[in-house]
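What follows is each chain in one-letter form.
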Amino acid sequence: MLRRDAALTRLSSITAAIAVGTVAAVGAIGVYVAKALPGHHAGVARGATAGSPAPAPQNGSGGNSGNSGGSASSGTSGNSGGSASSGNTGNTGSPALHPPAAPPQASPRPAPVTSGSS
Amino acid sequence: MTAPTSRPSGGRMPVPCTFRTRAIGTIAELFVTDSAALVAASELLEAELARIDRVASRFRDDSELSRLNARAGEPVEVSHDLLEAVGVALAMAEATGGLVDPTVGAAMHAIGYDRDFTQLRAGRGGTLPEARPAPGWRAVHVDTDRATVTLPAGTTLDLGATAKALAADRAARTVAVRLGCGALVSLGGDVATAGEAPPEGFVVGLADTCTSPDATESVSIRSGGLASSGTRSRHWRLGADVVHHIVDPSTGRSAATCWRTVSVTAATCVEANAASTGAMVLGAPAVEWLETLRLPARLVDIDGRVTRTGGWPAPGTEGHSGDHGRAPAEVAR
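Protein chains in written order, with our numbering: chain A, 1 to 118; chain B, 1 to 333.
Bound-form chain A, shown alone (with noise of 0.2 Å):
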């Protein structure tokens, strides 16, 4: 009878090692599959958060959610030759407002263009 509750015992114990050991392999192989396939993480998308909205949101009727799709997302700077492209080209961040590469400065000179409604 001793003997059998030895037996059971060292049975346990083995079990729970092989537990374990099984879920520190898994996660042991979960890191380094993560570190060998770059690309897809749960983390914040970069330039999630860039464009600033606007304080409140507008115009929330109509929000088609299963657009996520079709939400083309279009070069507006930089496209030289002017062949800009448009559409959803993959995971390149929202659209954001960028500045000028330098602030306008004062000018005494005579402009020969004036900005203003049209």
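Derived by calculation from the structure, the hints in this document are not laboratory data. Warning: the hint list may mix true and false statements.
Here are a few chain A residues that sit away from chain B, every Cβ distance over 10 Å (derived from the structure) [to be verified]:
hint	residue
1	R4
2	A6
3	A7
4	L8
5	T9
6	R10
7	S12
8	S13
9	I14
10	A17
11	I18
12	V20
13	T22
14	A25
15	V26
16	L97
Every beta carbon over 12 Å from chain A, so not counted as near; a handful from chain B, in silico [what the hints assert, rightly or not]:
hint	residue
17	D34
18	D53
19	D61
20	N69
21	D114
22	Q119
23	L128
24	E130
25	S186
26	V242
27	E271
28	D303
29	R305
Which stretches of chain B does chain A cover? Using the computed rule of at least three CB atoms under 8 Å from a CB of chain A, they are [unchecked claim]:
hint	stretch
30	91-97
31	222-228
32	307-314
Just so it is clear, CB atoms sit at the ideal spot from N, CA and C, and this is done for glycine as well.
Mind docking chain B on chain A? Use the hints.
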């Protein structure tokens, strides 16, 4: 159309060569830093203007946009040009948190803006429509693989807030790349620059209307775009009310704004125009919004008080480097 005019580079004008014409319901102006490139540059500009009119005009029955609007509710195959124009409009809608939304087309119709503005100056009969939000830009589906755009049934796109600025950006870039000179293109005061700026920069005057001969101040920019939005030009009488063309997507009515004119500089003319239009819609919180975005801006309220933010220089500070994006808003009469 005005023929190209060339001025000697040593004269007082900051940019030596100009070309001016009338197109897409406004005045188009071109400045290049190389007089030898002016004729070719003007041809490139006119081609771009013809293209944007053919693609994105809401007032031409034969435009591609009109055909798209007529088939709302089903996928419509569109050209690369319209795909780009719609994509840019949606991108700016997202970037402004929906302040600038291309689905305000039906709202524009409802307040009477269903024809070229020259036919609206005398006013129209009618009453203000009931306040109703626009369908919303998220409801527009773009499939770039199939080159199709699907509008929800009953939705009308209006690309007026972005297409003109897009044409200015495209024209300036095309001139600079193909002809190898600095170029400034202004379409109704939406200014785009590309290529190497002249030593003094591209000088732009600021006024409530782009046709005003009395710019209250001038700034020089070396790259990117500068755009102004305001209510002084495109307003008309609708029955007993006066309305204007900047529609608040949340109400479908002319924005009840505290600003008369907002001017913004940004990396592109499209972005500058989206920011200036968004600021008009947003009203008083626009100053903080523009500061957050680090966009140099000049806002004129309905009483004429001027607020400068984001490093926009005060007159008489020539040669002083602006504290880009950090200067607190400054108000002056």
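These are the hints, each one checked on the structure:
| no. | hint | result |
| --- | --- | --- |
| 1 | R4 | 69 Å, holds |
| 2 | A6 | 68 Å, holds |
| 3 | A7 | 65 Å, holds |
| 4 | L8 | 63 Å, holds |
| 5 | T9 | 63 Å, holds |
| 6 | R10 | 62 Å, holds |
| 7 | S12 | 57 Å, holds |
| 8 | S13 | 58 Å, holds |
| 9 | I14 | 56 Å, holds |
| 10 | A17 | 53 Å, holds |
| 11 | I18 | 50 Å, holds |
| 12 | V20 | 48 Å, holds |
| 13 | T22 | 44 Å, holds |
| 14 | A25 | 42 Å, holds |
| 15 | V26 | 38 Å, holds |
| 16 | L97 | 5 Å, violated |
| 17 | D34 | 16 Å, holds |
| 18 | D53 | 15 Å, holds |
| 19 | D61 | 23 Å, holds |
| 20 | N69 | 16 Å, holds |
| 21 | D114 | 19 Å, holds |
| 22 | Q119 | 16 Å, holds |
| 23 | L128 | 19 Å, holds |
| 24 | E130 | 14 Å, holds |
| 25 | S186 | 5 Å, violated |
| 26 | V242 | 15 Å, holds |
| 27 | E271 | 5 Å, violated |
| 28 | D303 | 17 Å, holds |
| 29 | R305 | 17 Å, holds |
| 30 | 91-97 | holds (count 6) |
| 31 | 222-228 | holds (count 7) |
| 32 | 307-314 | holds (count 5) |
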